[in-house]
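*Asks:* Protein chains in written order, with my numbering: chain U, 122 to 452; chain X, 35 to 461.
I should point out that these hints are in silico values taken from the structure, not numbers from a laboratory.
The beta carbon of each residue, even a glycine, is placed where N, CA and C say it ideally should be.
Mixed in with the good hints there might be a few duds.
Stated by the list, open to error - Listed next, the in silico BS3-like pairs over lysine-lysine satisfying Cα-Cα at most 25 Å (straight line): (1) U:Lys413 x X:Lys351; (2) U:Lys413 x X:Lys253; (3) X:Lys450 x U:Lys282; (4) X:Lys275 x U:Lys226; (5) U:Lys413 x X:Lys450; (6) U:Lys282 x X:Lys275; (7) U:Lys213 x U:Lys413; (8) X:Lys119 x U:Lys413.
Claimed, not checked - Just so you have them, the derived chain X footprint on chain U, three or more residues with Cβ under 8 Å: (9) 196–205; (10) 227–240; (11) 255–269.
Said to hold, decoys possible - Covered stretches of chain X (chain U as the covering partner; in silico rule of three or more C-beta atoms under 8 Å from a C-beta of chain U): (12) 144–156; (13) 433–446.
Here are the chains, one letter per residue:
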Amino acid sequence: MYASMSDSVSVTPERAPVAQPPPQPPGRRRRVRQVNVHRRREARTAYVFLAPWFIGLFVITVGPILASLYLSFTDYSLLEPATLVGLDNYDKMFTEDDRFLASLKVTTIYVVVSVPLQLAFALALALALDRGLRGLPFYRSVYYLPSLLGGSVAIAILWRKIFGTEGLVNSLLGLFGIEGTGWVSDPDTALGTLIILHVWTFGAPMVIFLAGLRQIPQSYYEAAAVDGASRIRQFWSITLPLLTPIIFFNLVLEVIKSFQSFTQSFIVSGGSGGPADSTLFYTLYLYLKGFKSYEMGYAAAMAWVLLLLIAGLTGVNFIASKYWVFYGDTK
Amino acid sequence: MNPSSRKKMWTAVVVSAALMTGAGACGGDGGGEAAGGDKVRITFAYWGSDARQKLTDQVIQKFEEKNPTIDVEGDFSNWDSYYEKIATKVAANDAPDVMSIEIRGLSEYAGRGALADLSGKVPAADLDQQVLTSGQIDGKQYAIPTGVNAFSMIANPSVLEKAKQKLPDDSSWTWDQWIGLAKDISGAGGVTGAEYNPNPAWLQIFAAQRGEKMYDGTKMGVSAETLKAWWSIHQRLIETKGSPDAAKSAEIGATGPEQSLLGTNAGAMGMWWSNQLNALSKSSGQELTLLRMPKAEGASTSGMFLQPAMFYTASAKSEHPAEAAKLIDFLVNDPDAAGILLSDRGLPTNAKVLAAVKDKLPPVDQKTLAFVDQVKSELSPIVAPPKGALQMEDILKRNTEELLFGKVTPDQAAQKFLAEANAAIAG
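Looking at chain X on its own, in the form it has when it is part of the complex:
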């Protein structure tokens, strides 16, 4: 190698090294301010469908119009990978300034110091105060609810009619009546009466009807007796053919509203979050009805509750807490934001905002709103479940499956569930 070619080589090395560092710098966040002069840049993380992404982009645009000094970068991912992404970013000290979190993840993130206290930073006077408290942990407002949902029974009246059955009086119906109705519908042939899903929300409602709390501090409040009674509903549904067998149910349970029995007009009733009425109505092409959950014999409360669809939270380590708070304020308190998002993140709980956008809501949402208003006085208050609640769905599903597939007895299942659930929320 002669000197000149050596020189060339070193030049090449230096240039490529420079290119690599340059590329690296572009790839990173660059600290925020680098991009647009004195604009402050914050990131806003959320999960959801493509439709939500479009709406959120519009809302961000609107916010930037009103706050020209703030540049918001939407950080979108699908639900399956959302928490992994957020947790990894928090671990890397690169947490998004504003994060969407749902209620079961709240204690995990707040308790581990990842979230900022928003008390006094985000105006919350117009929000539903009872719902607002669900974003508090140890008296600190770590999270602002985006909107609410209720876990309820959704039925397809036309399917019921075809099976020569009538819509029940939902203000007084019991679980036994529900099972009986499901059996009769299936018996008429053609469709299945009901589909079930081992959703913790259902267990929570059922427990409340029996005077038990789902969580009691950092312990499970639900008793083994209640669990067994709850599982016997599943078992009786299967035995009477009111619902599909365990394998088929597990299969449907793994899919979303679009592939459910209700969504494909193959079933008459199912339990869903009220905001899923939209997707269910669309995929079935039918007019569906929201009903109260059936009650346990002699229950004094419906056990139903309003749950925030999700929360807006701010990172404890955000470099721009004021801007982050401003974005959250805009999202929950500004009618312009609600005018775009409508019920995408649950029905708004800000009374003023809701009044402003009420007429813009599509008919299905109006129906949900009417339903929520109707049952409002019967609702139980909601508190954020303890740390580890994110795993509850998995634990409940697994133990329910083991029982329904005959791997364990109800007693064993109840003991195992309580042991695993207690371990998850204690840790």
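Isolated chain U, as found in the complex:
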């Protein structure tokens, strides 16, 4: 979605500012009109070329979004036509549905634990890589790899194997004489394995941190060194404050992304959110409601609650950012 939005920005025809024509002889006026006609034609051409994107936007994105808003007020089984039920779905969600609240809890724990961990990890590695390491592009690519793979089905299956009773983790623990459990099939540890999976995909924020670190002028560090500031002191007083906009950016992005996590829990739990609902992500429950219980209206309502929730959180994030994010230009 971000990609398509930026696309639209880049293809919007640039318009030169229209100069106020000063009083002129009739001959010149005609030329201006011709220029206007020309511009209009150009605009029309632009819209023709933009049409595929607009069609996509309205047919594939806006249309279904509005339809889901309508469906969220209905009882819709997929097999029969939808019937309006007003706010029943929303009401049921917060008053009767224990599993809804459970899924909200699981997802919140997942986001609150895994996002800070992931960002800390990404920042630590970015700092290490920023030391002018030889073969930096190689390491950067290697560490970025999990980000590309992390959301994939293959990795989720791998995860199930690694954390299984006879998996890699237990073999390693076995070397130390510790008897492990079935990590993914024990409700106390299953969510933990998913959090580790998420932290492991630190590559994307790491690359952004790396770019951010490069933006910090070397002269600050030199000045600090002259004043006798230690490395650690430099990190807290120079690196971190100047990096806050980047941290903020990563935070907003990762919070939005991890609230929508689906694949990991779907595959690792075999599509059930189990064991005992311990990995029941919000989106997974939404999917189960829509496609397994045939309550598509309810699922649509859940989608809208999620949207509002994420929008609200992002808003809170932005408001809070005033107090901790340091943009170089403000005092």
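We have chain U already, so just place chain X on it with the hints.
*Replies:* Just chain X now, with coordinates in the frame of chain U:
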């Protein structure tokens, strides 16, 4: 932009627009008849493995040979995404003409008006009449059973022998004896006695042995007492190490027969549908034996039942109901079809067809057939469970897990299960 280049541009736009609509038309179904002159085209949706897909393609070919005016398009998907696909297609008014459905989904689809009444349209006189009734809802024959399975105990005699244990007399054994046997096998070392799976079929059998129905109309018929007794079997198995602990069991339960203890020769006994004997035998490479389920103390019935492996149904909105019925008729009543499919969709219930293909069945299927014949007189009748039964497996599994992992007490688990299950089937 000069006029000629403008013209070129518009030509390009028009051409590409035309191409796009053309492509769109190709992508859609085109209404059916468009493709092959006056041939009628119907779609047939089913789920399963690659092996089933190959067999089904052959059957479709055979059908088309016999009915040159009908063109059948197989619509295959794997089990995990099957119902999503079907539900979405029904919602889009594009339901397949013939759909495979299993018993738990029947009430959902029939009750919501997605299925056509097949009474009198598909000849069913030769089919097992008792099994046939399981495809009826409110007296209408919405579904024709493809074949039958029985949920039963499968054991590996050679593993039992190694543990110095004997095959039990399955006509009289009790749950206590089964747990004891599992404990002794595990105790001998090397293998695990039994694996369990919170399958609703097992609960249904157990409830029937205690004189309770699983479903009573649109309410749960099974009592909290029975649930607790049933769960105590799980708990005792774990305590006595007759089966793996809860985490390991949950892990195995998430896989299929190939990775089960029985399938990997790591266990001696497990409960499976009789048609899974094939996969289990293949992956273990051993000769396995079908046994009756153990009984509750003093039970008057075995509680076991024959369940249709799946049903053939026709869409209520099909444009070609006659052709759809013809295909179903062919699939269940024609020996040629059964000669290809054999027991892929359960053992055929059409007596004539079964007699014709009996000798072609592989040894494992012959064994299953013999077993089914043997227990036939003890079986309970099967009725289609109510709407929402598709969720029963999930609900039962979740509550069983919560109990076995010590998150809730048996009383809480029973109450929670009944509340959730009742809500699911009432809705």
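*Asks:* Each hint should be assessed against the structure and marked as holding or not.
*Replies:* Hint check results:
{"no.": "1", "hint": "U:Lys413 x X:Lys351", "in the structure": "holds, 22 Å"}
{"no.": "2", "hint": "U:Lys413 x X:Lys253", "in the structure": "holds, 20 Å"}
{"no.": "3", "hint": "X:Lys450 x U:Lys282", "in the structure": "violated, 32 Å"}
{"no.": "4", "hint": "X:Lys275 x U:Lys226", "in the structure": "violated, 34 Å"}
{"no.": "5", "hint": "U:Lys413 x X:Lys450", "in the structure": "holds, 20 Å"}
{"no.": "6", "hint": "U:Lys282 x X:Lys275", "in the structure": "holds, 24 Å"}
{"no.": "7", "hint": "U:Lys213 x U:Lys413", "in the structure": "holds, 18 Å"}
{"no.": "8", "hint": "X:Lys119 x U:Lys413", "in the structure": "holds, 11 Å"}
{"no.": "9", "hint": "196–205", "in the structure": "holds (count 4)"}
{"no.": "10", "hint": "227–240", "in the structure": "violated (count 0)"}
{"no.": "11", "hint": "255–269", "in the structure": "violated (count 0)"}
{"no.": "12", "hint": "144–156", "in the structure": "holds (count 3)"}
{"no.": "13", "hint": "433–446", "in the structure": "holds (count 4)"}
Checked against the numbered hints above, the structure violates hints 3, 4, 10, 11; every other hint is satisfied.
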